[in-house]
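A.B. asks: The residues making up each chain are set out below.
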Amino acid sequence: MAYDGSRDYGGGYDDSYDDRPEFRDGFRDLLPPEPGFDTSTYVPDVVKTFVVYLYRHIREKNVYEIHQMYEGSFQKLSDRLFKQSNWPHVDMIAPYVENDHVFCLLYKEMWFRHVYARLQPTLEQRCDSWDNYCNLFQVILHGNVNMQLPNQWLWDMVDEFIYQFQSFCQYRAKLKQKTDHELAVLRQIDEVWNVVGVLNYLQALIEKSMILQILEEEKEGNVTFTATDGYDYHGGTNVLKVLGYFSIVGLLRVHCLLGDYHSGLRALSPIDINQPGVFNTVIGCQITTIYYYGFANLMLRRYMDAIKSFNQVLLYIFKTKQYHQRSSQYDQILKKNEQMYALLAICLSLCPHPKLVEENVNNQLREKYAEKMLRMQRSDEAMFDELFSYACPKFITPSPPSYDEPLVNFNQDAYRLQLKLFLSEVRQQQLLSSIRSFLKLYTTISVAKLASFMDVDEPTLRVALLTYKHKTHVINNDGSVLSNADVDFYIDDDMVHIADTRVTKRFGDYFIRHIQKFDEIINELDRTQLE
Amino acid sequence: MPGAQAQPPQQPIYTIEQLVALNPYNPDILPDLESYVDEQVATQTYSLDCNLCLLRLYQFQPARMNVHIIIKVLVKALMALPATDFNLCMFLIPERLQMEETFLTLATLAHFLETSRFREFWDEANRNRDILEVVPGFEQAIQGYAIHVLSITYQRLPRSILAEAINVEGLSLDKFLEHQVNNNGWALEKGGKVVVLPLNEDNQPVLRRNTADSIPLEHVAKILPVLV
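As you go down the protein sequences, you meet chains A and B in turn. Here the first sequence stands for residues 1 to 531, numbered as in UniProt numbering. Here the second sequence stands for residues 1 to 228, numbered as in UniProt numbering.
Simulated from the structure, these hints should not be mistaken for laboratory data. A hint or two may mislead.
[As the list claims (entries may be wrong)] Below, computed lysine-lysine pairings styled on BS3-like, alpha-carbon distance capped at 25 Å:
id : chain 1 : residue 1 : chain 2 : residue 2
1  : A       : Lys517    : B       : Lys222
2  : A       : Lys420    : B       : Lys193
3  : A       : Lys449    : A       : Lys336
4  : A       : Lys394    : A       : Lys308
5  : A       : Lys394    : A       : Lys176
6  : A       : Lys335    : A       : Lys368
7  : B       : Lys222    : A       : Lys355
8  : B       : Lys193    : A       : Lys319
9  : A       : Lys335    : A       : Lys372
10 : B       : Lys193    : A       : Lys449
11 : B       : Lys190    : A       : Lys449
12 : A       : Lys355    : A       : Lys336
13 : A       : Lys336    : A       : Lys394
14 : A       : Lys394    : A       : Lys335
These figures come from a predicted structure and were not determined experimentally.
Bound conformation, chain A alone (with noise of 0.2 Å):
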């Protein structure tokens, strides 16, 4: 895609697409196609346009450009041409674009992507979309692009990549709506959406992009990387690195969906999301890291990192969320937003650190979830349950299915398996928080005494204080314990001594806070003239 410079591109026209007389007035004088127009054979101008625009402004890596019409033109076109319908067959538009290979790649790209969000999918899309992300990959491993594209678009594509992934394995497993023409061409494609495909395909961005020794090199400040958000200011390409970077998160997200936790953090863990990153620069990818990570460690009992890490990221979204409300992934941001919350109201009544949670936050979880947080806490597995379902991921089973026994449908059994498991992890937990709230009442107490008050005979409560102790302290990658409780306690022969390190509520800044409002209101009605 080397550029040209002696082409004209239909002078006349403003260098940026959006100022194109039709577009100025917001698309009004468009009109619709005829009822009845055929993407097979139309592609309609504006479409044609498009194309030769977005083209022009790769070659020219004019990356602002693209972000304008990848994010916003491509949503426009498709809402008022193709709500229902696909856009134009690439061999259509191939003529436009100088039959530009990876264009093409990309543009199919776009294409099923907008198949997958507003139509269903047939199978032999399924598979169609796959040869084409192998395609796309192929090209980008072999160091053939010079391009820079948006880190919105490389995102997108590792996260549509699994999300097709995912949704392909859901479909296949729903056995008993197939026909047999369908299960015939499922038994021959076991390369399609293979689960190791995914992996190597994923494990190669990384390797080849070198992302990980360019993330160890830029903490000694030999390589910038971070500061200009991936981008590449000396005429190269940000493709390869960005995309390897995204594929870091990718790595985590599929552990998770195939319940292989510990192995999704190691995964993440060249990437600190405690400092900023790549991973900030596109929301959907910041939401996504901390989603999985957050629900990892909850699945690791690892509860105070998990809150941490909710905490960080809900607020954020808190803060910044009218700004993306026009953006196509709204949705999807309210939805992960949602999800958190009840996440967090798991991992709080497992683990109550009310200090971990900021204001805004807990104002928002306490209208949530406030009467169930009180349920869980009282071990009411059932409220558990309809959390966990609510806002765990969309577990897969990765193997295809034997296609010769009676046909089942069993998409939900890998959820199944994550839920139970962790509820019976729950019903471990079961007497922690009843010795947690008799604890905060006690500096000392001898333990027959305080296994009259639980109603448990003195061996049992033993056993459970052990149990306290064990649940509430984390083994940590080297080694070391550390203690999630917030009432710790030591037994010395028969006598339980309580460290309770309750915080007197921080009244100062609450306050300080809102005299600040207050002043501003009274200025504001100052201002105000009556009339």
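Using the hints, position chain B against chain A.
C.D. replies: Just chain B now, kept in the frame of chain A:
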């Protein structure tokens, strides 16, 4: 050439750990991972990452699943307590396999250990020696876990509780205690009826630590214009 034998080409021999680090998503390494499990059992070593990799590959290709290997992996994971390795492995094992008797037994044992029900654990373990004896070092590992939990909970504990937790009584217990006293800083009181454990961060949490409700000066400075 008389006498000259062709040298086999020198090939770098990768350890299993290196194989897993290089390309964990390669089904070809499955047999290597399986034999590595046996090696872990034989040499009393342990590698969580390799075992998880194996379970993952089984997930991808259920036809190649070897139940005996999985059982060994689970027993090894139990020995890694207090780490959550056993749970991690269970997340990757299909539900219908978990319904089989051996797996149910192992799950029960894990449950007892996670809820510190040591007496029930040792009873159940005794009833299932055939499963557990396959992996040498099991008993010591669980005793180590029991001691860990006791050390983060108790400063002084009655001897009977210790005995129940590590399943050692009488003269063996005396010998055990003597060894701990000499090497690990334990002590005995009341004529051996009470065991004193060494102090560590977790069994002596600081009492009544009230974080002061102090307000930094900058925050107060913000409202001074209002107050004036």
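A.B. asks: Does each hint hold? Answer for all of them.
C.D. replies: Hint check results:
1. Of the supplied pair hints, the one linking Lys517 of chain A and Lys222 of chain B holds, its CA atoms being roughly 12 Å apart against a limit of 25 Å.
2. Straight-line distance between C-alpha atoms of Lys420 of chain A and Lys193 of chain B comes to about 42 Å, which puts the hinted pair past the 25 Å bound.
3. In summary, the hint linking Lys449 of chain A to Lys336 of chain A is not supported, as the alpha carbons are separated by about 46 Å, beyond the 25 Å threshold.
4. Taking the CA atoms of Lys394 of chain A and Lys308 of chain A, the gap is near 23 Å; set against the 25 Å cutoff, the hint holds.
5. Using a Cα cut-off of 25 Å, the hinted pair Lys394 of chain A and Lys176 of chain A holds, with the two alpha carbons roughly 20 Å apart.
6. Restraint check for Lys335 of chain A and Lys368 of chain A: satisfied, since their Cα atoms lie roughly 14 Å apart, inside the 25 Å limit.
7. Distance check on the hinted pair: Lys222 of chain B and Lys355 of chain A sit about 23 Å apart at the alpha-carbon level, within 25 Å; holds.
8. Between Lys193 of chain B and Lys319 of chain A, the direct Cα distance comes to roughly 60 Å. Violation of the 25 Å bound is thereby established for this hinted pair.
9. Restraint check for Lys335 of chain A and Lys372 of chain A: the C-alpha separation of about 19 Å stays at or below 25 Å, so the hint holds.
10. Distance restraint check for Lys193 of chain B and Lys449 of chain A: the Cα-Cα separation of roughly 22 Å lies within the 25 Å cut-off, and the hinted pair is therefore satisfied.
11. For the hint linking Lys190 of chain B to Lys449 of chain A, the alpha-carbon distance of about 23 Å falls within 25 Å, and the restraint holds.
12. At most 25 Å may separate the alpha-carbon atoms for a hinted pair to count; Lys355 of chain A and Lys336 of chain A meet this at roughly 23 Å.
13. Only pairs whose Cα atoms come within 25 Å are accepted, and Lys336 of chain A paired with Lys394 of chain A is accepted, the gap being roughly 13 Å.
14. Distance check on the hinted pair: Lys394 of chain A and Lys335 of chain A sit about 14 Å apart at the alpha-carbon level, within 25 Å; holds.
Going through the hint list in order, the structure does not satisfy hints 2, 3, 8.
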